[in-house]
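Participant: With the hints as constraints, model all of the structure from the sequences given.
Protein chains in written order, with this note's numbering: chain Z, 3 to 102; chain U, 36 to 538; chain W, -4 to 644.
Simulated from the structure, these hints should not be mistaken for laboratory data. Please note that a few of the clues may not be correct.
Stated by the list, open to error - Using 35 Å as the maximum straight-line C-alpha spacing, the simulated DSBU-like pairs for lysine-lysine come out as follows: (1) U:Lys338 / U:Lys412; (2) U:Lys88 / W:Lys184; (3) W:Lys184 / U:Lys338; (4) W:Lys590 / W:Lys575.
Said to hold, decoys possible - With the Cβ distance kept under 8 Å, some of the chain W side facing chain U (calculated, not the full set): (5) Asn64; (6) Arg165; (7) Ile176; (8) Leu582.
From the three backbone atoms N, C-alpha and C, an ideal C-beta is built for every residue, glycine too.
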Amino acid sequence: MVPLVLYVLLASTMFVVGLYGLMTQRNGIKLMMCVEILLNSANINLVAFSAHLPNVDGQVFALFSIALAAAEAGVGFAILILLYRLYGTIELDNINALRW
Amino acid sequence: MISNPISLMIAVPLIAMVVAFMTKTRSQARIVALIGSLVPLAISLQMFMEFDKTSEIMQFVESYDWVPSLGVKYTVGVDGIGLPLVLLSTIVSILVVVYAWGENTRPNQFFALLLLNEVGVLGVFTALDFFLFYIFWEIVLIPMYFLIGIWGGPRKDYSAIKFFIYTHVASLVMLLSIFALYFTYRTPAGGRTFDMLTLIQATSDSTLFSPMLVNVIFLGLLFGFLVKMPAVPFHTWLPDAHVEAPTAGSVILAALLLKMGGYGLFRVIVPMMPNVSEHYVTLMAIIGVVSILYGAFLALSQKDIKKMVAYSSVSHMGYVLLGAGAFTWLSVQGAMFQQFSHGLITCVLFMSAGTIGHTAGTRIIPELGGLADRMPKFAVLMMMGFLASLGLPGMCGFIAEFTVLTGSYATLPVYTLIVIFGGIVVTAGYHLWAMQKVMFGPILKKYLDLHDPHSYELLSMSILVFLIVYFGVNPAPIMDIMGVAAEQLIEGPVMTLAQMGVV
Amino acid sequence: MYSDYAYLIVGLPILAFVLTIFLGWHLPKGGGFITVLATIGALILSVGIFKEIFPTDTIVHQSAHWFANFNVGILIDPLAIVMLLMVSFVCTMIHIFALGYMDGDPGLARYFAEAGLFTAAMLGLVFSDNLLQLFIFWELVGVCSYLLIGFWYRKPCAASAAKKAFLVTRVGDIMFLAGMILLYTNMAKLGLPEGTYLLQFQTIYENLVHLPSGQMTAIALLIFGGAVGKSGQFPLHVWLPDAMEGPTTVSAMIHAATMVTAGVYLVARMFPLFYAAPNALMVVAYIGGFTAFFAATMGLVMFDIKRVLAYSTISQLGYMMLSLGAGAAVGAAAVGVGIFHLVGHSFFKALLFLCAGSVIHAVDTNDMREMGGVLRSMKWTGLTMLAGALALVGFPLTTGFYSKDEILVAAFENGLYGLGWLPYAFGAVTVLLTAVYSFRLWFTTFDGEPRTDYGKHESPWVMVGPLVILAICALFMGYPTQDTFYDYVGNNFDHYGVDFDELAVVGGHHIEHEAAHEPFIIKILPIILCVGGILIAALFYSRWKKLDPGIVTSKNDPLRKIVLRRYYQHEIYTGWLAEKVVYGLALVSNVFDLKIVDGAVNKISKLTVGLGGNVRRVQTGVIQNYITAIVLGLTVLLVVVKLGMEVAI
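Facilitator: Quick look at the structure:
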């Protein structure tokens, strides 16, 4: 039996990694990946606590979350592809037409 | 005999507006607009005939629950304060449609906006529920914003936005005061109400409204109305808006939108005056006098004839404020009549300025000259308008100004004398100066092939001139119902609709 | 029976106005006959009413509610009826004359329409039964004069003169307005029964004794201010000479019948009020006397034939005011004398102007230096003008003689008390000046040799006819009517039960009832001065010329320069007051409005926009920055919450 704290540690590490990626990266795909990491860290937490309590709600939520993440990735990547067609790059710093 | 005349009067132009929007050609749009403004005119005339002219109670009242949980009702009705302005609105609206008969740029939208404007002002002059009142009050901004913004002159963007934001800020201040009234008062049943007359009557209850609170509410409302009137120093949106607006827009702006501020004075401010500090009455008188004099001097210095007319509006609306502030029977009814007469006169002035602008190609007074030579009919109508505006007896402007001044002297002698000696000659001066420069003298070479404007422009101007002379010779039909309303305002606490027994 | 149709006295000319303005273009002679017929109709009605009320010594009074506290009404008492007769008669003559004089002008219909309205306004002014209605017609008279002076609106000077006339009289009008408002407020304080029309003359007369004395002086002075503007008294006389820019018939109407007399009529109408305010009466006498003298000096040097007559009108109006001002000494009789002079003056001044018009019509210039010897070609015009001039200077047995004599006697009696001798002195000197300038005009125009080659023909009969009729009136009307006239008009206020003794007590002045015995010299002095003046004019200007004007003045004489520049009034009023002070103030307020008032509004909006502009820099559009901010914020928040909890525990 792996103690709960290790799951939480893993999730925290993944979260920090994702956050770090979001804060430092400029590339659209990398950002999407970081968002996925963030989501998955939350999922790990949900599943871990669900097993620990035990309460199946958490696992249901994790499933929802995964489905949502899939949808989000679908829309997100579609936008990125369009952006690439339009600008020839997905470096988000260069895409600032709506900025002041 | 119509069962719900006011609702019908508001609904017809609203429907006509939608129809006009959807029309394809100019001729369709203007026919729709003509019908859509003819019906309200007929209804308002019918109302005027049926109106009990000796009674001070609200008539033609309709009241339905709208949002019961908030105490919002759809309540409309007219009395001696509102009816003349309703009449003015329907008359001016149709004449504006006639005047703008030849509009070529996006005619369907143009006429639809004119109709929406009529809906708004009619609503303001008849609504008896603050919620409804505020909605109509704000509706009016929209068509005017677009009229200036789309059909306006070179600086239309600046002027349209300035007009919108300036008057909107004032409305918001007014809204705060309305909320203060709304949240302080509870009906006997324990609920809230937006009913105007009830709330105004409640302000005299000092256990509910502390003097401090009444004063603040009063100032907030006053500010909202003063900006709309507009009174110095809140007048600067007006010349900009007028100069840029198309002629029809200017006419509606000056003849109807400004009257909303004055209407607010009589409906809300004057009944509250006995409950507020004396200083605010003095403030009103001072602002009124300053508006009259300052507006007249500003008009004297203008080169653009339309701007001159705009400032003359500031000057003339000052009489309304002075008359309301003086708070005597004669002065209050004179001020009401000034609203009515200024509504008619200023139409002629703005139509004249507009016609000069689009026939001669410029409105700059020093560049014009001798137009009477080529435009004799127009010159006569314009001169009648100018003479009426400078307060010539025999026309309605004089009756109003004389009554205001005579009434005001009893309570505000010094201010009245300042107006008489400081304002009247200057007013005559700028009117005559402009007439002389524009119309008289030898005709300039570049204007040799001008001719009288279109017959529809002349038609609407001559109808207005006729009304100006008619009400100058026989003001009694309008003045009498104003007198009844003024007596009620001066003597008594406001009666609610329930006390009048009409709901 | 005629009095039932009194409203038609105004109604007919107004109808003529409406008809000619709409249909005149299509009618021969611009529909001028309509206006003439309407005026004759008004004359017939006036005569009819006069025949009804004169023998019975009654008045006609009709009144109807108008609006609020005001009424409209017709009041025909002796004062009004003589004015009605005079106005309708003189206007008829002038309109007939205009049929010939204005013939061929492209704006003929407009002329006759406006002339009809002018007549209507003056008639309405005269028969008003309350002050407000009088004021309305008063202003209508003003606007008609504006329209008619600017009749030839293509001429810039005509348009400018019209504007000046309107504005200057407007200065007087606002004083009248203020006086009326003051009077209304004071009457309202008396607590008269509900529904009393406070501005009705009858009500005013009946309640004068209850009004506070100081207020009455103020009201009287303000109302007199209105008369000063309308009747061209100093210092508001400047518009009257400029009003010559209109057609000569218009000048005749303005000067004789329809406009300037309104001011005198107003003071006469309000005479009980003035009587109760002796200080105001003194002002009236002073202004009147001074104006008479002041205008006469300018009349001496003008070369424009119409301008000489214009200054003579101002001067004669000064006499009328002087006569009313002398009412402090002679009571209501002053009204009879003043109005008699007014009526006589309107005959001979209309005559003089029409003669001048006739001359101008033939000679085609206004400048007397280009005329000379006109009598040879224009016998009728010259002789009738001589009759007018004789009446004007007050030659014995003409109409002007009786009234002027009476005025000077009244002024002399007034001068026995206090400081009143000065107006009398002005009046006496002016007799001499009047004689000199009148006959300077007549001699220069009709006598001597032609100085230029001008058109030589007599005017048509439609023009000469009125001249002859007016000349007969000017010469012979005075003697048979004067005593009846003085009594009839002087007792005007008895119809209202006005008690002048009581008013004298209110006004605080002592009235000497036993007629003061004026020395014989006072009676005879005007005759001496007038004949002397004619002789002086003959010496300088007639064909028996013995002296050259150059011996009295030279080109560089500073006094002559000042008079020729008309005392620099134009420079002061137009150049300085209107263009510098008022217009300057307007320009300053415009700058103030744009920079300060509107500047503040724009400043506020700029500040708001600027603030937003700075704050939005925070929104970099870079997601990483947002995330960093979120993380940092969250961290800080967590730390704060944690610390807070520990502190709480």
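Participant: Holds or violated: is there a CB of chain U closer than 8 Å to the CB of W:Arg165?
Facilitator: Holds, because the Cβ-Cβ distance from W:Arg165 to chain U comes to roughly 5 Å (cut-off 8 Å).
Participant: Compare the distance between the alpha carbons of W:Lys590 and W:Lys575 with 35 Å, and conclude whether the hinted pair is satisfied.
Facilitator: Since the Cα atoms of W:Lys590 and W:Lys575 sit roughly 21 Å apart, the hinted pair holds (cutoff 35 Å).
Participant: Need the status of pair U:Lys88, W:Lys184: alpha-carbon distance at most 35 Å?
Facilitator: Roughly 28 Å between the alpha carbons, so the hint for U:Lys88 and W:Lys184 holds.
Participant: So, as I understand it, the hint says W:Ile176 touches chain U; can you test that by seeing if any CB pair is closer than 8 Å?
Facilitator: Holds, about 5 Å.
Participant: Against the 35 Å threshold, does the CA-CA distance of W:Lys184 and U:Lys338 hold or violate the hint?
Facilitator: Given pair W:Lys184, U:Lys338 is violated - Cα atoms ~46 Å apart, limit 35 Å.
Participant: Measuring from the C-beta of W:Asn64 to each C-beta in chain U, is the shortest one below 8 Å?
Facilitator: Given a least distance of 7 Å, the restraint on W:Asn64 holds.
Participant: How about W:Leu582: closest beta carbon in chain U under 8 Å, or not?
Facilitator: At about 5 Å, which falls below the 8 Å cut-off, the nearest Cβ of chain U leaves the hint on W:Leu582 intact, so it holds.
Participant: Is the Cα-Cα distance between U:Lys338 and U:Lys412 35 Å or less?
Facilitator: The hint holds at about 24 Å.
In summary, the structure is inconsistent with hint 3 from the numbered list given earlier, while agreeing with all the others.
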